Amino acid sequence: MTETPNSKSISRRSVLKGTAAVAGAAIGSGVVTGFPTIWAQNIKDVTLRQFGTGVSNLNDVAIKVKEDLGFTLEMTALDSDSVTQRAATQPKSFDIADIEYWICKKVWPTGNLQAMDTSKIKNFDKIAPIFTTGKLTPESTVAQGTAPSTVGFVDGKDGTAFAKDVTGWMTLIPTIYNADTLGIRPDLIGRPIDTWAELLNPEFKGKASILDISSIGIMDMAMVCEAMGEIKYADKGNMTREEIDKTIAIFTEAKKAGQFRAFWKSFDESVNLMASGEVVIQSMWSPAITAVKAKGIECVYQPLKEGYRSWGGGIGLSANLSGLELEAAYEYINWYLSGWVGGYLMRQGYYSAVPETSKLFMSENEWGYWYEGKPATGDITSPTGDKLAAAGDVRDGGSYEARMGAVACWNAVMDENQYMVGKWNEFIAA
Amino acid sequence: MSSKRSISNDLTGWLMASPLALVLALFLVLPIAMIVVVSFWGATEFSIYPAFKLDNYQFLFGSAVTYSVFLKTFMFTLISWALCLAIGFTVAYFLAFHIRTQTWQIVLFLVCTVPFLTSNIIRMISWVPFLGRNGIANQTLISMGIIDEPLEWLLFSDFAVVLAFVHLYTLFMVVPIFNTMMRIDKSLLEAARDAGATGFQTLTNVILPLTKPGIMIGSIFVVTLVMGDFITVRFMSGSQSANVGRLISNDVALLRYPSAAATSVVLLITVLIVIGIMLRFVNIRKEL
Numbered sequence: 001m002t003e004t005p006n007s008k009s010i011s012r013r014s015v016l017k018g019t020a021a022v023a024g025a026a027i028g029s030g031v032v033t034g035f036p037t038i039w040a041q042n043i044k045d046v047t048l049r050q051f052g053t054g055v056s057n058l059n060d061v062a063i064k065v066k067e068d069l070g071f072t073l074e075m076t077a078l079d080s081d082s083v084t085q086r087a088a089t090q091p092k093s094f095d096i097a098d099i100e101y102w103i104c105k106k107v108w109p110t111g112n113l114q115a116m117d118t119s120k121i122k123n124f125d126k127i128a129p130i131f132t133t134g135k136l137t138p139e140s141t142v143a144q145g146t147a148p149s150t151v152g153f154v155d156g157k158d159g160t161a162f163a164k165d166v167t168g169w170m171t172l173i174p175t176i177y178n179a180d181t182l183g184i185r186p187d188l189i190g191r192p193i194d195t196w197a198e199l200l201n202p203e204f205k206g207k208a209s210i211l212d213i214s215s216i217g218i219m220d221m222a223m224v225c226e227a228m229g230e231i232k233y234a235d236k237g238n239m240t241r242e243e244i245d246k247t248i249a250i251f252t253e254a255k256k257a258g259q260f261r262a263f264w265k266s267f268d269e270s271v272n273l274m275a276s277g278e279v280v281i282q283s284m285w286s287p288a289i290t291a292v293k294a295k296g297i298e299c300v301y302q303p304l305k306e307g308y309r310s311w312g313g314g315i316g317l318s319a320n321l322s323g324l325e326l327e328a329a330y331e332y333i334n335w336y337l338s339g340w341v342g343g344y345l346m347r348q349g350y351y352s353a354v355p356e357t358s359k360l361f362m363s364e365n366e367w368g369y370w371y372e373g374k375p376a377t378g379d380i381t382s383p384t385g386d387k388l389a390a391a392g393d394v395r396d397g398g399s400y401e402a403r404m405g406a407v408a409c410w411n412a413v414m415d416e417n418q419y420m421v422g423k424w425n426e427f428i429a430a
Numbered sequence: 001m002s003s004k005r006s007i008s009n010d011l012t013g014w015l016m017a018s019p020l021a022l023v024l025a026l027f028l029v030l031p032i033a034m035i036v037v038v039s040f041w042g043a044t045e046f047s048i049y050p051a052f053k054l055d056n057y058q059f060l061f062g063s064a065v066t067y068s069v070f071l072k073t074f075m076f077t078l079i080s081w082a083l084c085l086a087i088g089f090t091v092a093y094f095l096a097f098h099i100r101t102q103t104w105q106i107v108l109f110l111v112c113t114v115p116f117l118t119s120n121i122i123r124m125i126s127w128v129p130f131l132g133r134n135g136i137a138n139q140t141l142i143s144m145g146i147i148d149e150p151l152e153w154l155l156f157s158d159f160a161v162v163l164a165f166v167h168l169y170t171l172f173m174v175v176p177i178f179n180t181m182m183r184i185d186k187s188l189l190e191a192a193r194d195a196g197a198t199g200f201q202t203l204t205n206v207i208l209p210l211t212k213p214g215i216m217i218g219s220i221f222v223v224t225l226v227m228g229d230f231i232t233v234r235f236m237s238g239s240q241s242a243n244v245g246r247l248i249s250n251d252v253a254l255l256r257y258p259s260a261a262a263t264s265v266v267l268l269i270t271v272l273i274v275i276g277i278m279l280r281f282v283n284i285r286k287e288l
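Chains as they are written, first to last, in full-length UniProt numbering: chain A, 1 to 430; chain B, 1 to 288.
Some hints here could point you the wrong way.
[To be verified] In the BS3-like style, the derived pairs of lysine-lysine whose C-alpha atoms are separated by at most 27 Å in a straight line are:
1. A:Lys374 to A:Lys423
2. A:Lys423 to B:Lys53
3. A:Lys265 to B:Lys212
4. A:Lys126 to A:Lys92
5. A:Lys135 to A:Lys246
6. B:Lys186 to B:Lys212
7. A:Lys122 to A:Lys105
8. A:Lys105 to A:Lys120
9. A:Lys305 to A:Lys246
10. B:Lys72 to A:Lys246
11. B:Lys212 to A:Lys256
12. A:Lys423 to B:Lys186
13. B:Lys72 to A:Lys205
14. A:Lys374 to A:Lys135
15. A:Lys255 to B:Lys72
[Unchecked claim] Covered stretches of chain A (in silico footprint by chain B; criterion: 3 or more residues with CB under 8 Å from a CB of chain B, positions within the stretch not fixed):
16. 83-91
17. 253-265
Hints in this document: simulated from the structure, not taken from any laboratory. No experiment lies behind these values; they were computed from the predicted model shown. Each residue gets a CB set at the ideal place from its N, CA and C atoms; glycine is no exception.
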């Protein structure tokens with residue numbers, strides 16, 4: 001018996017794609033018989049379907065791909081839960097999965113993705129070491145949680161188990177990553193904030209928020225509980241049942257006491273909560289801060305003494321890709337790492353996997369502000385032209401090394417995930 | 001001769017009924033059967049596998065959350081239904097008996113439907129800037145000197161959820177009630193008056209009994225819509241409140257299809273029981 005979502009996706013796909021799929025197959029077979037000269041023209045007919053979180057599914061990227069590489073990239077933006085769901089259950093609905101590393105840990109065993117040959121990736125040796133060896137500098141230690149380096153490689157093309165060291169086969173090509181912390185409204189708080197514990201401070205009763213995505217929310221909760229000195233975790237990214245129970249209990253109590261104004265699930269919700277002043281302290285993502293600032297409202301991505309909760313995303317290839325489409329996908333990856341996208345993302349406040357090439361697409365002022373943590377020498381604008389900082393401003397948290405070097409844990413998927421999810425549901429319903 | 005005709009009549013009857021039967025079987029019976037089947041299946045983290053297990057139901061009935069969430073769903077349903085009925089009946093009564101010309105009745109009826117030209121979600125979200133801490137409602141109340149501090153419970157609360165439900169679904173009450181009211185023979189009202197009934201007596205003894213089918217149809221709309229909703233509760237409570245729909249959507253989001261299916265089956269049965277009880281009061285088919 002086949003499961004429902006699968007069969008549904010096939011029929012939907014066949015209806016939607018219709019003749020395009022047939023045309024694609026015809027081109028594919030043409031390449032197999034081998035006429036290298038038609039490649040250049042045919043690639044224009046290729047359409048790659050990419051899906052991922054709104055974070056990196058940018059229309060500007062699709063437009064630039066068409067311009068630089070000639071083929072069409074179709075983007076679908078979904079929330080983290082839906083991304084996991086689609087990657088795990090609808091392998092035929094995508095060609096390229098833009099997912100986070102913890103999602104990769106969950107999805108890889110389904111065999112819906114194929115490993116990538118690193119020898120085909122031009123800038124492989126320039127990828128930031130945090131994704132290969134896991135160490136920012138040779139002295140650093142790998143943080144808790146699903147660190148990208150622990151799920152970044154497999155033994156061979158068809159490998160199912162993650163390799164401990166760097167191999168020639170990568171699961172995801174890292175694209176963007178960042179260090180997350182709490183966002184605050186300094187104008188409404190009026191005093192310095194320096195610890196995660198402040199999220200549950202009764203001073204902010206009815207003005208706090210946390211995100212309602214269980215796998216990430218539980219980590220923010222853990223950062224808070226540890227900062228409060230209530231719980232000491234062996235690994236925040238892989239809690240025991242008792243640790244989960246205790247963590248959820250602390251937050252359920254706070255919820256019942258009216259600590260939270262709301263929970264948010266999508267990027268826009270977090271922006272609106274903060275911009276409207278409904279919430280003054282909450283878990284937040286970097287571009288959401290940028291969006292609030294772009295409205296002319298003061299908002300700080302507050303560095304905290306316990307460190308950051310970090311995440312990383314990457315591009316994975318569908319196991320269904322082959323022939324010309326697979327070649328196009330490699331083209332796309334090489335283009336992705338060649339700098340234009342990196343520069344674009346860095347100007348939004350993310351980090352790119354190959355900072356070296358991104359630098360080529362940024363001004364000295366931008367590079368200094370976003371990457372090196374130096375005071376801006378002129379206005380800093382977002383890729384869409386909104387002013388984000390003026391001369392003299394310094395990025396919250398400082399330089400790349402200062403921020404990525406202070407990562408306390410990575411977004412993760414736990415062994416007790418099912419149990420945690422059940423508990424999370426109880427928390428929301430409580 | 002006559003038996004031959006009746007056979008062909010039978011056949012025509014079957015043929016005429018079959019397209020609808022087929023559509024219902026394919027798009028209603030089959031999916032529901034599938035949901036019932038899947039509710040007994042097992043699930044791993046990313047896949048579901050055929051089995052016959054009662055685990056999903058055991059977990060559902062064994063969890064205190066389920067009961068509190070069902071209770072909350074009933075609470076939302078009851079309050080929203082009562083408010084929709086009160087407002088919907090009043091509006092329909094006004095349209096049917098106080099507006100004299102049919103043209104104006106049609107015009108005003110269309111005015112009622114204007115908000116429905118935009119989507120559900122937009123109508124719901126537009127409450128957020130209105131009810132927020134620094135929203136229009138609070139600012140107005142403060143400037144009028146009625147309150148000193150902004151009211152926190154206006155938004156992201158059960159109040160907001162019920163408000164949105166009433167706003168979204170009152171029209172579903174207005175339409176069927178208005179429809180039945182329009183069919184009431186005006187001479188009955190005159191007769192009641194001639195017999196010496198007061199306005200209130202006419203309302204309770206003539207109009208109300210005759211509009212029962214409309215009320216019941218409207219009630220079925222509102223009850224099923226509210227009980228099956230998840231997005232209104234999520235947005236208006238700021239994710240802080242849960243009803244059964246949200247339980248299901250959370251399960252679906254986390255790939256726990258069998259568990260979601262089991263909850264759906266229980267919800268479906270609950271809604272059917274509620275409607276069954278409602279239909280005991282009025283025989284819609286007879287009175288239409």
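Against the structure, the hints come out as follows:
1. A:Lys374 to A:Lys423: Given that 27 Å is the threshold and the Cα spacing comes to 43 Å, the pair is violated.
2. A:Lys423 to B:Lys53: Holds, at roughly 22 Å.
3. A:Lys265 to B:Lys212: Violated - the C-alpha atoms of B:Lys212 and A:Lys265 are around 42 Å apart, more than 27 Å.
4. A:Lys126 to A:Lys92: violated, 32 Å
5. A:Lys135 to A:Lys246: Violated. A:Lys135 to A:Lys246 sits at ~31 Å, over the 27 Å cutoff.
6. B:Lys186 to B:Lys212: Distance of about 17 Å is within 27 Å: holds.
7. A:Lys122 to A:Lys105: Since the Cα atoms of A:Lys122 and A:Lys105 sit roughly 25 Å apart, the hinted pair holds (cutoff 27 Å).
8. A:Lys105 to A:Lys120: holds, 23 Å
9. A:Lys305 to A:Lys246: Holds: A:Lys305 and A:Lys246 sit about 23 Å apart, inside 27 Å.
10. B:Lys72 to A:Lys246: holds, 26 Å
11. B:Lys212 to A:Lys256: violated, 42 Å
12. A:Lys423 to B:Lys186: violated, 60 Å
13. B:Lys72 to A:Lys205: Holds, because 24 Å separates the two Cα atoms, which is no more than 27 Å.
14. A:Lys374 to A:Lys135: With Cα atoms ~23 Å apart, A:Lys374 and A:Lys135 stay inside 27 Å; holds.
15. A:Lys255 to B:Lys72: Holds, because 17 Å separates the two Cα atoms, which is no more than 27 Å.
16. 83-91: holds (count 4)
17. 253-265: Three-residue rule met by the region 253-265 of chain A, so holds; n is 7.
The structure is inconsistent with the numbered hints 1, 3, 4, 5, 11 and 12, although it conforms to all the rest.
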